[in-house]
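Visitor: Protein chains in written order, with my numbering: chain R, 160 to 669; chain B, 160 to 669; chain G, 160 to 669; chain F, 160 to 669.
These are calculated hints, taken from the structure and not from any lab test.
Keep in mind that a hint or two might mislead.
The calculated lysine-lysine pairs, modelled on BS3-like cross-linking and capped at a C-alpha distance of 27 Å, are [unchecked claim]:
no., chain 1, residue 1, chain 2, residue 2
1, G, Lys375, G, Lys350
2, F, Lys375, G, Lys508
3, F, Lys562, G, Lys375
4, F, Lys404, G, Lys562
5, G, Lys508, G, Lys565
6, G, Lys565, F, Lys404
7, B, Lys565, B, Lys508
8, B, Lys565, R, Lys508
9, G, Lys293, B, Lys333
10, F, Lys419, F, Lys375
11, F, Lys419, F, Lys333
Number of protein chains: 4
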Amino acid sequence: MEFEESGIGEECGVFGCVAAGEWPTQLEVAQVLTLGLVALQHRGQESAGIVLSNGASPPTYTAHKGMGLVSTAFPPEALMKLRYGNLGICHTRYSTTGISELQNCQPFVVDTLHGQIAVAHNGELVNAHALRKKVMRHGVGLSTSSDSELITQLLAFTPPMEELDAPDWVARIKNLMTETPTSYSLLVMYKDVIYAVRDPYGNRPLCIGQLVPISKLHSSGSGEEDTEGWVVSSESCSFQSIGAKYYREVLPGEIVQISKHGVKTLSVVPRPEGDLPAFCIFEYVYFARPDSIFEGQMVYTVRQRCGRQLAIEAPTDADVVSTVPESATPAALGYAQQSGLPYIEVLCKNRYVGRTFIQPNTRLRQLGVAKKFGALTDNFAGKRVVLIDDSIVRGNTIAPIIKLLKEAGATEVHIRVASPPIRFPCYMGINIPTKEELIANKPEFQDIAGHIGAASVQYLTVEGLVTAVQQGISSLQEKDKMISSSNKTSRRVGHCTACLTGKYPVELEW
Amino acid sequence: MEFEESGIGEECGVFGCVAAGEWPTQLEVAQVLTLGLVALQHRGQESAGIVLSNGASPPTYTAHKGMGLVSTAFPPEALMKLRYGNLGICHTRYSTTGISELQNCQPFVVDTLHGQIAVAHNGELVNAHALRKKVMRHGVGLSTSSDSELITQLLAFTPPMEELDAPDWVARIKNLMTETPTSYSLLVMYKDVIYAVRDPYGNRPLCIGQLVPISKLHSSGSGEEDTEGWVVSSESCSFQSIGAKYYREVLPGEIVQISKHGVKTLSVVPRPEGDLPAFCIFEYVYFARPDSIFEGQMVYTVRQRCGRQLAIEAPTDADVVSTVPESATPAALGYAQQSGLPYIEVLCKNRYVGRTFIQPNTRLRQLGVAKKFGALTDNFAGKRVVLIDDSIVRGNTIAPIIKLLKEAGATEVHIRVASPPIRFPCYMGINIPTKEELIANKPEFQDIAGHIGAASVQYLTVEGLVTAVQQGISSLQEKDKMISSSNKTSRRVGHCTACLTGKYPVELEW
Amino acid sequence: MEFEESGIGEECGVFGCVAAGEWPTQLEVAQVLTLGLVALQHRGQESAGIVLSNGASPPTYTAHKGMGLVSTAFPPEALMKLRYGNLGICHTRYSTTGISELQNCQPFVVDTLHGQIAVAHNGELVNAHALRKKVMRHGVGLSTSSDSELITQLLAFTPPMEELDAPDWVARIKNLMTETPTSYSLLVMYKDVIYAVRDPYGNRPLCIGQLVPISKLHSSGSGEEDTEGWVVSSESCSFQSIGAKYYREVLPGEIVQISKHGVKTLSVVPRPEGDLPAFCIFEYVYFARPDSIFEGQMVYTVRQRCGRQLAIEAPTDADVVSTVPESATPAALGYAQQSGLPYIEVLCKNRYVGRTFIQPNTRLRQLGVAKKFGALTDNFAGKRVVLIDDSIVRGNTIAPIIKLLKEAGATEVHIRVASPPIRFPCYMGINIPTKEELIANKPEFQDIAGHIGAASVQYLTVEGLVTAVQQGISSLQEKDKMISSSNKTSRRVGHCTACLTGKYPVELEW
Amino acid sequence: MEFEESGIGEECGVFGCVAAGEWPTQLEVAQVLTLGLVALQHRGQESAGIVLSNGASPPTYTAHKGMGLVSTAFPPEALMKLRYGNLGICHTRYSTTGISELQNCQPFVVDTLHGQIAVAHNGELVNAHALRKKVMRHGVGLSTSSDSELITQLLAFTPPMEELDAPDWVARIKNLMTETPTSYSLLVMYKDVIYAVRDPYGNRPLCIGQLVPISKLHSSGSGEEDTEGWVVSSESCSFQSIGAKYYREVLPGEIVQISKHGVKTLSVVPRPEGDLPAFCIFEYVYFARPDSIFEGQMVYTVRQRCGRQLAIEAPTDADVVSTVPESATPAALGYAQQSGLPYIEVLCKNRYVGRTFIQPNTRLRQLGVAKKFGALTDNFAGKRVVLIDDSIVRGNTIAPIIKLLKEAGATEVHIRVASPPIRFPCYMGINIPTKEELIANKPEFQDIAGHIGAASVQYLTVEGLVTAVQQGISSLQEKDKMISSSNKTSRRVGHCTACLTGKYPVELEW
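Just chain R, with the same shape it has in the complex (with noise of 0.2 Å):
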């Protein structure tokens, strides 16, 4: 709950699809994208875009863009004009900063000397300052803040510029990979082709569905031979309400082709010797939804875990377990199943109430984030209550929580939090509040329980977290045969915690 209360998010999420066999396809390219992004929403609700290319040569782009969640941005006369496409791709955007305006929504297309072409972008580059600085130096004006427009302008003048014939994209994104690190996991689509790119990092997820005939869904038996298109994601919760099947991921550095032929790996471009791999830890804790996959593990299970850890490292006294509703039920279950305490629900939340104009001015402002909630009284009067929440970022949502609950009766509410303490920034695509605004580095940090109006309060350790991530992954190493080789390299395991810990995978250079 403090999580969606404390504005931390994700910056985006990016879609595509290419129909495979015979053009022009049967398949519905604008519904598949649009339901696939509908399936990102939670991952941004800012604003919305699509281009479909027929791919034909040469090309015919049809693209639309809109604010808002995906079903107000693409209202049915949009859709309408979407019906042709025989490939195409998507993004969803996350507000970052105030500036929420339709120019900076993606994916961004420009038209070059060879024909348009589109990207979508999900991440944030490190380096972008002296990347606009360098763009702009060449002499191009750059018309709106989004990594998205800079990314595609450094692919439109990477040299070599090649004279009228067939760009050499691959030579370019390579390139590109070359000018900045992490963090991203791209689409660029050309023509017929979508290139889905990672980072070196593999900061940002992003995997691979096959489309295949509804019947044949869930059969192990079906074959390339029943493709009926590539779909590709950050993440792979999009599949199941498409009737996709998960495919794969791809790998940190790699560079995939997707057309109606199939998908196949062009380059995979390798991290500077040593580092690590460093994925976004924060995609299993918080903004991932629970049944997506991420490194042959799905999400929910690692919460879950967490919630186990949490228990092992911070047991507690108490009658009942629970959960603040929705997002942390997955570690609260996990706690109970470890500590053997039962399982209650004690909020009731009020799924409308977020959506009102109403500027509370007095009373109604003194009731703070608990009208939200209703207490389910019965459930937890005359007990002791472990209420477990995925975190404590501003640390100002909780109290009223517990006040709630205390009035309602419950004679002790201890905290406990299924991640550690946030204190520093994130430069690679995390909307994080200010270091100041942190409660944990906050002088009440010393005495959180007091503070919020708890018995008790802890968080889960980083030692704790990393090893509820990375016990799944290990115990996955030997049996995942999925991408011969090249896994050899990616299965080598390390997550970005640079906002617990500080340690950011790459030199910050500004």
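Keeping the supplied structure of chain R fixed, place chains B, G and F upon it in accordance with the hints.
Guide: For chains B, G and F alone, kept in the frame of chain R given last:
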């Protein structure tokens, strides 16, 4: 989940507020009304309306109505013009028919010989057809199909028509109550008073709350002298979000006057000799929010008891118990507690999917409701699952869920339904599919398990449901002394189970 | 120009259409109604409404209402649902008060004992207050402040209330006409018939047109057998845009039945002995579109005659004659023709300026109405200008124009006003500023020329206006034999000049 | 009227404003810009955009763009955020192609090595295709098809790229002007300065106005010391509505710097030896508002002279002269004055008809454009009418008008067209139908009178038009000393008549 998908719905929610003490009040009445209404949003999402009175003589009324959720219907500019008011009523409406027009939106306001009255209504008059004829025979044209307008005109013309002096609204309300036995929970605003009325059978809920200073919200010692205002609502769940304390239910047949001077019973219209109360049992089963309190017990607790009762009536040889999120969760936890089987989560719901405009036309339609869910595979692969749902209404939404779970690795899926089959229409305010659409009336119901692909299917019995509901009331009978005298009558136990049994509380004459 | 700026306005326009011949008709009734209504848009821009009937027994009505211009109020999706219908009525409304709500929008439809009736009304009932009381005393609640609802309820309850059989609507309409003398032009739709009614004083206009094949639109030989439908409209200007021929006026007091079988006079309710007709003279002066025909003469011609009359009454020693565009142009051309002075244009109007949301706060407010106009300097620099305006109502808009012209080089600006000063309120459907706001009632009117900076100011006299209007009718008296018998009565000449003279056609009793 | 119906249109209007004196200014710059833009609305109704700068170092820019008329594109909440600013530019755009997207909307703002620049452009680059290639060959991706983005990127990359220090924008603008000869009138905003630029041929208009206190607006004695700000606009008609005095035109090839310190010529880029200026003659004929001033003369006067010239070239034996409202009225009055025939009005235009969504499908389509007009029958029945229109472009809109007049009683209708036939495409900013669509290129043009049903048809000759236009300039040559030195060059007379003659001012190379 089935209820949500089946189109079953409550017709309305009503909410009112009167500021206590001296007027003009400092209380933000419009804010209280709007937030109170938001908390009743689950009872109706089609339209919302609000009417404020300054309570002066003659009073000035300010009204606003709009389509959609409260947040859409009441945009900031509308809320601006509602800043002033000492009392008011509001209403949220469910789309029961295709006719979803602004003019059917409540509250209904008319000008009478004695000034304006405003009426908000939850329920459905069983003899509406005959009453419409009666009103029109008197020469009144009716501009909408809403019962609310009908009630308003009945109040306006009910003899005796007192000339010029203040009208005896209580006599008129009593007269109205003799004209129509059920079902209605009414708010009638006239000048500086709200009359809160519940039909003699108490078919629809209505309860009263007391606004106290936020600081005294949970102190037991707050007395009448701390009252900042009175609220009246379809459900007590709305009290938490505005900082009100639960005061009491309006009793079946009771006419309560709510004014700045307090709450006063004006009359209790009795039922015919021998008739039991007939509070709608589906308020417990599905409509109400789990944190609401009816007849002294929390709805969540009743649902949990339904789950326990179901475990007694229909035990299962299985490994785990789970829920179709979100409404069946209390029953699933109850079933798990009673059966001793572990409770786990098997499905992850995409809360954004319902809102896209996409009309899936071939492959995506085949995915059915399953595209709303992600399977949490690791939690149940290789296991026998007992899946608790709140109902099976049409029977075409549970099958894809079962398929999804089996394909994700469940070895068996047993369905346990926490309510009895729905077989009959409701004429008292619930929107139920036609008799022919109800699965319980179809031939395939004989082999419902085979039809939906479950290992077994069992429903809660009507007796089991009634036991689960009334058991909590019985235990409360003696200690509940809140409203002493009239209480004796009201606490005779009885519930309307017409949609399950075909036994209607009153004779239906059309 | 003054009229436009002053807020003076007509209250409404009504329009109806019945398809002739066999039903279902091939005629696009909704299209005819919409385009007909657009042609009456100058009579009201606040809201628009339409009701269609299929004319079956029982009939199905389809309705739509919206705020703003017809083009805004009837968006494409609304027009879609109006595709079917054999007859219908529609209405456009002027914002007479601050209360600009959808529920006041006409036509008003109510369900009665005998089925639905729909009413559209142009005018204002002089005894509305007493009638509202009468209706409410009968026990009817009124949900709006509109006369249209009042009329509808009066028709619904007027005795005798016939039980169950078909009602005698004509008797009820006649009864209504005895209850209220003026002012109303009414369309009442019931099942398959439209009743077109004009009050006994004929205060508001109403005329009938015949839809013929476009190819026969201008041939004199088209007879009844070519009729594709009948239309009825506040003004004949609407006929051109839908391809209808002018048929005739509805006479004062006449009740006309329009059905697929044709047009039939059902009754003519007489005025009290000795009373003259009282057609609103301002329909000629300002409200009507110049190409409309009243009492056999074209409005443009009357306005031109006013200009000629003004040249006779108030000749000027000047060089050129011009107009404040656009409504004063016919009078200006008449003045030029009569005076022999050349007609030129002096002002160019920016037709977009009125629509911006800008609230000019210092320098721009000083520019006043002049910022709507560009001076065509070269046309009048160094000349003495006679400027014709249609009225001076409040007197604060002409001054900046005069200033503009003088600064652009006019040596003298003489104002000649093509209507007499407005001094009195209208209770029959025209929105006029309060008595205090009218310049003619203010002290500065004594030196109006000095006040507004003109070299001289002269108004048309009331006698001059009446002459200009009635001269055309007189010349028509003998040759007009269209509706022979009743015609004799109706062509007694008389006009309502109450706002100029204070002489109202009926006694005002409140 | 033909122009309006034919889809011929100007591509854009530009407007800028700089507050004079000390900053922050008291002048409401956003208001001045918005009202100035509204006065240019006739030059483009598709979209509108505005960019304000506070002029600080580094500056803060605030921008807003929207679709539709200024009043729609700039809703109140958008105007709110534009309250602060010391200078700004804005733009209104005409829909020249089907692609009517927000991203093509101007002004175009990009970030460069030296900070943001904003560009607004009226015109069309004749060598846009080659320039786009050049920019893209340099490695710049172009995100829109607009010339404005192209110009902006050309300015950004034009060598020499000065490193880090202030850039020499004037050198870059001069460089741009050598790259593209025509057509453009440009506003370039950078920090605290607006550069106003007109191409060497002066193809598109641009002029400067001086904001003075309203009280001194028309006094001849206001000097520089009274200046409140400077405005620059496509047309001088915008000055009246904001209280600005006409100052002077920007000359062909001139680069003017407008700052708080005043107006300063930085450079005048010459045409190739021997080339004449080529101001678009259609600005006089149709596009400009009649009260605008070009080359020292009022547009209205030129149109009137065209009418006089037409009367000389093509006299008619008729009774009356009239106009197709509204744009042909000055020519009609000129024709009447020259010919001695009386001027009358024959048509009344319904100004609301254009906006309905109705798609007439059978009978109503037959009415064609005539349904926009009412015939003022009494004015011309039995008479021979000379009808002046401003053009006949496609030839399918005048025929229904002629039919209407004849059916309403005109004995003969003679068409006189106040401009020569359009036969050739424009590549310099005017949207003209394809060559095949132009009536003058069709076989039926041989008998145009018979084709449209007129008694006779005659066009103004090209020579006649040029005479009517240049005659006013000649008479001004000697007395015009406004901008003495450069003036000598600029006042060499020459106009672009390419669409009439096929003679383009520059060689067209694609």
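Visitor: For every hint, state whether the structure bears it out.
Guide: Consistency of the hints with the structure:
1. G:Lys375 <-> G:Lys350: violated, 30 Å
2. F:Lys375 <-> G:Lys508: holds, 23 Å
3. F:Lys562 <-> G:Lys375: Answer holds: lysine 562 of chain F to lysine 375 of chain G is near 13 Å, not above 27 Å.
4. F:Lys404 <-> G:Lys562: Within the cut-off at roughly 16 Å; holds.
5. G:Lys508 <-> G:Lys565: Since the Cα atoms of lysine 508 of chain G and lysine 565 of chain G sit roughly 17 Å apart, the hinted pair holds (cutoff 27 Å).
6. G:Lys565 <-> F:Lys404: holds, 16 Å
7. B:Lys565 <-> B:Lys508: holds, 17 Å
8. B:Lys565 <-> R:Lys508: With Cα atoms ~31 Å apart, lysine 565 of chain B and lysine 508 of chain R exceed 27 Å; violated.
9. G:Lys293 <-> B:Lys333: holds, 25 Å
10. F:Lys419 <-> F:Lys375: With a Cα-Cα distance of about 20 Å, the restraint between lysine 419 of chain F and lysine 375 of chain F holds, given a limit of 27 Å.
11. F:Lys419 <-> F:Lys333: holds, 23 Å
Hint check: violations occur at hints 1 and 8; the rest are consistent with the structure.
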